[in-house]
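Q: Please model the complete structure; the sequences and the hints are all you need to start from.
One letter stands for each residue in the lines below.
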Amino acid sequence: MGSISLKNVSKVFGEAAVIPSLDLEIEKGEFVVFVGPSGCGKSTLLRLIAGLEDVSGGRIDINGVDATSLPPAKRGLAMVFQSYALYPHMSVRSNIAFPLKMAGVDRAEIDRKVADAARVLNLTDYLDRKPRQLSGGQRQRVAIGRAIVRQPSAFLFDEPLSNLDAALRVNMRLEISELHQQLKTTMIYVTHDQVEAMTMADKIVVLNKGRVEQVGSPLELYRSPANLFVAGFIGSPRMNLIGGETAKTQGAATIGIRPEHIGLSTTEGAWKGTVTVSEHLGSDTFLHVDVPGVGHVNVRTGGEMPLKHGDTVFLTPEASRIHRFNDQGLAQ
Amino acid sequence: MATLHTRSHARLMMAPSVLLLFGWMIVPLVMTVYFSFLRYNLLMPGMEEFAGITNYRFFLSDPAFFTALANTLILTGGVLLITVIGGILLALLLDQPMFGQGFVRILVIAPFFVMPTVSALVWKNMFMNPVNGLLASLAKFLGLAPIDWLAEVPLLSVIIIVAWQWLPFSTLILLTALQSLDEEQKEAAEMDGAGFFSRFVYIVLPHMARAITVVILIQTIFLLSVFAEILVTTNGGPGIQTTNITYLVYAQALLQFDIGGASAGGIVAVVLANIVAFFLMRMIGKNLEA
Chain R
1 MGSISLKNVS KVFGEAAVIP SLDLEIEKGE FVVFVGPSGC GKSTLLRLIA
51 GLEDVSGGRI DINGVDATSL PPAKRGLAMV FQSYALYPHM SVRSNIAFPL
101 KMAGVDRAEI DRKVADAARV LNLTDYLDRK PRQLSGGQRQ RVAIGRAIVR
151 QPSAFLFDEP LSNLDAALRV NMRLEISELH QQLKTTMIYV THDQVEAMTM
201 ADKIVVLNKG RVEQVGSPLE LYRSPANLFV AGFIGSPRMN LIGGETAKTQ
251 GAATIGIRPE HIGLSTTEGA WKGTVTVSEH LGSDTFLHVD VPGVGHVNVR
301 TGGEMPLKHG DTVFLTPEAS RIHRFNDQGL AQ
Chain Z
1 MATLHTRSHA RLMMAPSVLL LFGWMIVPLV MTVYFSFLRY NLLMPGMEEF
51 AGITNYRFFL SDPAFFTALA NTLILTGGVL LITVIGGILL ALLLDQPMFG
101 QGFVRILVIA PFFVMPTVSA LVWKNMFMNP VNGLLASLAK FLGLAPIDWL
151 AEVPLLSVII IVAWQWLPFS TLILLTALQS LDEEQKEAAE MDGAGFFSRF
201 VYIVLPHMAR AITVVILIQT IFLLSVFAEI LVTTNGGPGI QTTNITYLVY
251 AQALLQFDIG GASAGGIVAV VLANIVAFFL MRMIGKNLEA
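Listed in order, the protein sequences are those of chains R and Z.
Residue 124 in this note's numbering sits at position 124 of the first sequence, with consecutive numbering throughout.
Residue 19 in this note's numbering sits at position 19 of the second sequence, with consecutive numbering throughout.
What the hints contain is simulated information worked out from the structure, not anything from laboratory work.
The beta-carbon is built from N, C-alpha and C at its ideal position, and this holds for glycine as well.
Where hints are given, some of them may not hold.
[Said to hold, decoys possible] Restraint-style ranges between C-beta atoms, simulated for each label pair:
hint, chain 1, residue 1, chain 2, residue 2, range
1, R, Q82, Z, E152, 57 to 63 Å
2, R, K74, Z, I85, 27 to 33 Å
3, R, D327, Z, Q101, 31 to 37 Å
4, R, Q151, Z, F279, 46 to 52 Å
5, R, Q82, Z, P111, 40 to 46 Å
A: Have a look at this one:
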């Protein structure tokens, strides 16, 4: 249960082809993250899978059965919305029970399942409250609770953490990952935050302008980005992309080197530059270095590095970690 | 308004408008109460004298009073029923995306801009007239005997006319409530397996509860005092079949020239309106709490 396959799926709004044509296989039990900049069609893709939008062409199979024209409720999927979409006039208990009530499950069974879900999500004490009396994280958990009681074959998350503050986001990220370990259900998660993608995913699908740029595990994407877009999108801080003469000496149109793969020295190295900004995070130091002839280079270096604006430094990229891209922006 | 100082200043600044509004309310009320205790007939000017509660005794023991009370409640209740249910249905319909939506919405709102006397006359002469009316033509077209609406079912006719006027108001308020419903909530309900009817009952209707309450409260205020429609169509008749409290007070004052009796009737109407308001707030007021 829980495999989803898209074949030639496309979506057109009026004149605009949001998703030109797209193939994708999602195996059962996988945690798949759709990531991309805003407007790349990732949410639309999720809504196509959910059945909230009709496809303009192509075919969607869920569990090996053609679901292209099935209504959302018949697809056996559950969705957690960005705004949580809790029913404001219902208590937490009724919110979680709603899908079961709609499915005509009997009362005792509903009570049991709601209690189970509430226990898993630490909501037992809040069952009689209304959504407006809950904090952001609790609302989020209610939305997840409403999804898990149905025991769907896959969960769909539409940027569920974007309304939470930073600390809570890290917590909820962990909770969702743990939930996935517990339930072993397929999960599809949409986000524009590559950190969420890297930390949670079994498989990341990088989308750009409705096209799949690359599919792979987080480390595959990190180690060998297929093109400039993926190279620039995955990894934080961003990969340094350097063109011009420097790239030509390496036999490429553009070379990429991640900030963490650049050696730093105050005495000798390949590139000599001046520190423009140094960001001290405690555990790391991010240096923005201006290198004449190469350009602006970000360097990530160990903790308490006593460098400041105006200092001269020498940078040496690790030769084996240099990514080379041709003039089409594809990896060589 | 945090400190004692700013608060007392605020009171001082508000005082003139509060006093004006208070005077605006209290002068007519006190005069009406005063008149209601007088023997005061316009046909006998200069003969006013204190009459105690005689006016109230006459008004309340008038057999027309209970008919008028019942008519008032039936009229108010009937119009509320039609406008709320019809308003919800029309709002659901107008919320659907369709060609010329803006134009259709203006058409729906139009009756609200027609003044009560005019719309009542249009209904009386163009629709409900048993000889020339459109409804009569329709009945004849179907092979039925035309109904003389205002003579045979006078109260129902008045209810229809008044409901036609108030339907746009409720439709408008309920439509805006409907449009403020979060799209994701509807989608969530769809994902949860709720069909159209379940979505309406469990999601849409609770969301509109507050708007429905507002519609009921505002309309009740105006419907308890419907007058123009009755005056230009039935004159309270046949007999007293369409006389409501407002019309009864009018008849007392300006047909029988009994100012004292009419004032007593007015005070009774005020008390009745407050009783209705009390029960209404008890029943549906909780919807207004945030």
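Q: Does each hint hold? Answer for all of them.
A: A quick look at each hint next to the structure:
{"no.": "1", "hint": "Q82(R) to E152(Z): 57 to 63 Å", "in the structure": "59 Å, holds"}
{"no.": "2", "hint": "K74(R) to I85(Z): 27 to 33 Å", "in the structure": "32 Å, holds"}
{"no.": "3", "hint": "D327(R) to Q101(Z): 31 to 37 Å", "in the structure": "51 Å, violated"}
{"no.": "4", "hint": "Q151(R) to F279(Z): 46 to 52 Å", "in the structure": "47 Å, holds"}
{"no.": "5", "hint": "Q82(R) to P111(Z): 40 to 46 Å", "in the structure": "41 Å, holds"}
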